[in-house]
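Trainee: Protein chains in written order, with numbering that gives the first Met the number 0: chain A, 0 to 217; chain B, 0 to 708.
If you're looking for bench data, these hints aren't it; they were derived computationally from the structure.
One thing to keep in mind: the hints can contain errors.
What the hints assert, rightly or not - Once the Cα atoms are required to be at most 25 Å apart in a straight line, the calculated SDA-like pairs of lysine to any residue come out as:
1. Lys382(B) x Gln678(B)
2. Lys16(B) x Asp194(A)
3. Lys151(A) x Lys466(B)
4. Lys16(B) x Asp92(A)
5. Lys16(B) x Arg147(A)
6. Lys16(B) x Leu124(A)
7. Lys30(B) x Gly23(A)
8. Lys16(B) x Gly69(A)
9. Lys30(B) x Lys382(B)
10. Lys16(B) x Tyr62(A)
11. Lys16(B) x Pro88(A)
12. Lys151(A) x Glu314(B)
13. Lys16(B) x Ala65(A)
14. Lys151(A) x Pro79(B)
15. Lys466(B) x Ser55(A)
16. Lys466(B) x Trp523(B)
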Amino acid sequence: MARKQPPQQPPPVQRVRLRYAKRGNLRFSSSRDFSRAFERALRRASIPMAFSSGFSPHPRISYLNAVPTGMSSEAEFVDIGLAENREIPQIVDGLNSALPTGYRILAARELDGSPELPMEASKWLIATPGDVSAQIAELNAAQTWVVRREEKNRDVDVRPAILSLVPVEGGFELISKLEAPLVRPDDVLRALGVDPALASCKRLEQGAYVNGDVVSPL
Amino acid sequence: MRSLFPQLEPLLARVSKPVQYVGGEVNSVSKDFDAAEVRVALMYPDTYAVGQPNQGLAILYEILNGEDWCLAERTFTIWPDLAELMRSSGIPQFTWENHLPVRDFDVLAVSFSTELGYTNLLETLDLSGIPLHSRDRGSDDPLVIGGGHAMFNPEPVADFLDAVVLGDGEEASLELARRIRTWKRDGRPGGREGLLLSLAQGELAYVPAFYDITYAPISSSCASAAQSQDLTQVGAPNGERSCDFALDDGVKVALDGEVKVALDDGVGVAQRPPLSPIQSVTPNRPGVPATVGKHTLMDLDNWPLPARPIVPLSETVHERYSVEIFRGCTRGCRFCQAGMVTRPVRERGIETIGKMVETGLCSTGLDEVGLLSLSSADHSEIKEIAAGLADRYAGSQVSLSLPSTRVDAFNVDLAQELNRGGRRSGLTFAPEGGSERMRAVINKMVTEDDLIRTCETAFGNGWRSVKLYFMCGLPTETDDDLLAIAALAARVIETGRRVTGTRDIHCTISIGGFVPKPHTPFQWVGQASAETIDHRLTVLKQAVIADRRYGKAINLRFAPGKPGIIEGLLARGDRRVGAVIEEVWRRGGKFDGWHEHFSYDRWAEAVKDVLGEGALEWYTLRERKRSEVLPWDHLDAGLDRDWLWQDYQDAIAGAEVYDCRWDGCNDCGVCDTFGTDIQIGPTGRKLLPLTVAPAKAPVGAAPRAKEVC
């Protein structure tokens, strides 16, 4: 006795890309923590979400390249599908008053179906406990640089993923490729001989890699 | 007041799930510490993931923070990885809201829903820098107050608590905070002792230090027998003692009265005074009552809480908005402490429930509603509540759940109603006893035919599996009673295959070990030994495996018997058990509710070293005499002791007792003692419609998700 399929849900009438920040203490939250908080904020803000069809309908939300747990970000992106049209400022303000402090919607724009720029690279600002310019020069000069990911018991070559690595006051700025195998800031920190637990990492931007810089999709 | 967070922050990168410690959740309340007159740290003695969803804590949080002169922050037991780092960095236990030292609060209020949180109390006190023992605390230390169901026998932790609040906490916690405010305003008359005395004399709280406990003398000839499980005559009025006792179930006790004890300075032989029951419990201050009663909240509709529960950021064990649809239960299941200590039944009205669900969902953004109580299908208007909520939230993606285990077809109808939207929850029934005889003993008035009919309805309505709860180790139980579970499960499968015409039918049998609890008719019984439990479970398992027709469709789940013995020790222990808890904690014991931390051997060794050989059996396996003074006799849940004893005798005789909601008063004593009464409907009222106008669906399309707020 198969159960009858529930009726098909209508497709979204409006698709919106949001840019959000993950700041302060909430850098310790995971992408799953964010998605739970975000779904609840959508309900608290009464945003009319479109749902997927089937026995367990889910709100139409897709996340792009979430930042690793423990790192903050000014450049996270999420796309949502709405069942009714809403003004963009209304969505942004509604969500910001419903999200916990530390998550903040920074910008939004409607997706009209025209092709989006590829997500190629991520730009990081990393604060380190001491000066690392010497190690940076060494890493930049190398062709390959293998580090060990202890938790996964796996080696990864960080060098090919590094597009740019420059020392700045109190640390360094990194532009790395967003492609598999994904090299994360903690891999680069290990390559520089810095304990990742002592550094703080903030994503400044992610998006297309154009003329030596990262261009936001929003 | 300075936040500890800057010191804590560097440690968080090194621990598991650091987000649980950061606070700042939606609906958390942050007040000015220095401006508040009374500051309360509310604690659940387990991790954030387990403690945060606790209803009691959520209710008290809103009540206390609702007063402008009072402030409440939360704290939980910190997982060993961070606790270790905090100790080595000199960072004390903190609260979640503003990361303030717990030691700086006026009160540390701890909610104990299980005895397995006792070692975590010590762990948290220690990390807070609060002396473990009440007697060592000074004027700067917070009052450490216990509450929750386990506190109906707080004696094992009596040395560590300054006061205990029995029963419902809504009014009592507020009154307690008011007394502290007055005491502080008046210049703290009498100091710490003065405050505690006013709480005790005002019958607001039980203050263990104000009661002296003496133990019955033991003659030397029978000294060793006093530690056996079968001591029958100690403390008997005629002074005669029988040394005849039989050992069974593999219990070994030292018979020479001399036991080897590991002392701090090495291994030595010490003469341990053998255990004997309590002789007397006497107040040692003027005006302190001989017995302390529980608090009972009447008119739940006046307390529609929690209204704005905190929405956790990290994952917790429950993520739903829960409404307590009634408090108390008079089904009279004889093993159930909750049903005994929360009488009488007090229902929330359908209108209040409807409003609470509406505001709760809007304030939290949660999409799951739980209708909580000890037996939710028993609400006088549950059908109207279920239908009303199902109507209201149809098409909104809000899911409704009713944690009910009642064995009847009505329960299946309710589940059907609540799962109208599509998602189908599991069905669980709790016959608790395998045989008809066993169910009569525990007063679970369900026949085998009831269960089969219920399963028939469930399978007929599209369910493919059911879950059944049972207990093992019940009084008078034999192997045959366990074997009856296997036969019952086989009949369930057979019924399912017949009704559905498919072999795709499953039955999960979940078995818990019975632990006798205070204030129940079984408070006198000898607990079944771990060996007995394990033996019976093996017998059952073999029977299921041997069933070639149905065995593969039966999924048997159970835990070994040993942890239940420790729970039994803590449930029915007296003040002497406090030293054991402390010793276990000193040997590294904490998070006893977690498999990876609980160690039976550590507990058993500590009991032996502190109280002597045979003490564990004495507290758990020994049947108590009617005349024995029980450690919790001076704490009054309202249940008449003679009534409980008679109910125990009726249990042994297999005589049933009916529910006073429908069949008249049984004279359990609760309403008479506290001047309370049953509060039930039906009210005849309707669930109010949502205040938001329903959206119009475009013609021809499925209705879009309805807005809830």
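Trainee: Each hint should be assessed against the structure and marked as holding or not.
Mentor: The hints, checked one at a time:
1. Taking the CA atoms of Lys382(B) and Gln678(B), the gap is about 18 Å. The hint holds against a cut of 25 Å.
2. Among the hinted pairs, Lys16(B) with Asp194(A) is consistent with the structure: their alpha-carbon atoms are about 19 Å apart, no more than 25 Å.
3. Pair hint Lys151(A) plus Lys466(B) does not hold up; C-alpha atoms about 38 Å apart against a cutoff of 25 Å.
4. At most 25 Å may separate the alpha-carbon atoms for a hinted pair to count; Lys16(B) and Asp92(A) exceed this at roughly 30 Å.
5. Distance hint between Lys16(B) and Arg147(A) is fulfilled; the C-alpha atoms sit about 23 Å from each other, no more than 25 Å.
6. Annotation: proposed proximity of Lys16(B) to Leu124(A) holds, straight-line Cα distance about 24 Å (limit 25 Å).
7. Only pairs whose Cα atoms come within 25 Å are accepted, and Lys30(B) paired with Gly23(A) is accepted, the gap being roughly 20 Å.
8. With a C-alpha separation of about 10 Å, the suggested pair Lys16(B) and Gly69(A) falls inside the 25 Å cut-off, and the hint holds.
9. Our distance criterion of 25 Å between C-alpha atoms is broken by Lys30(B) and Lys382(B), whose separation comes to about 42 Å.
10. Pair hint Lys16(B) plus Tyr62(A) holds up; C-alpha atoms about 21 Å apart against a cutoff of 25 Å.
11. Of the supplied pair hints, the one linking Lys16(B) and Pro88(A) is violated, its CA atoms being roughly 34 Å apart against a limit of 25 Å.
12. Restraint check: the Cα-Cα separation between Lys151(A) and Glu314(B) comes to about 23 Å, which is no more than 25 Å; the hinted pair holds.
13. Taken as a hint, the Lys16(B) and Ala65(A) pair is honoured in the structure, with Cα atoms around 17 Å apart against an allowance of 25 Å.
14. Only pairs whose Cα atoms come within 25 Å are accepted, and Lys151(A) paired with Pro79(B) is accepted, the gap being roughly 23 Å.
15. With a CA separation close to 22 Å, the supplied pair Lys466(B) and Ser55(A) stays within the 25 Å bound.
16. Between the alpha carbons of Lys466(B) and Trp523(B) the distance comes to roughly 31 Å, so the proposed pair goes past 25 Å and is violated.
In the structure shown, a violation is registered for the earlier hints numbered 3, 4, 9, 11 and 16, in ascending order.
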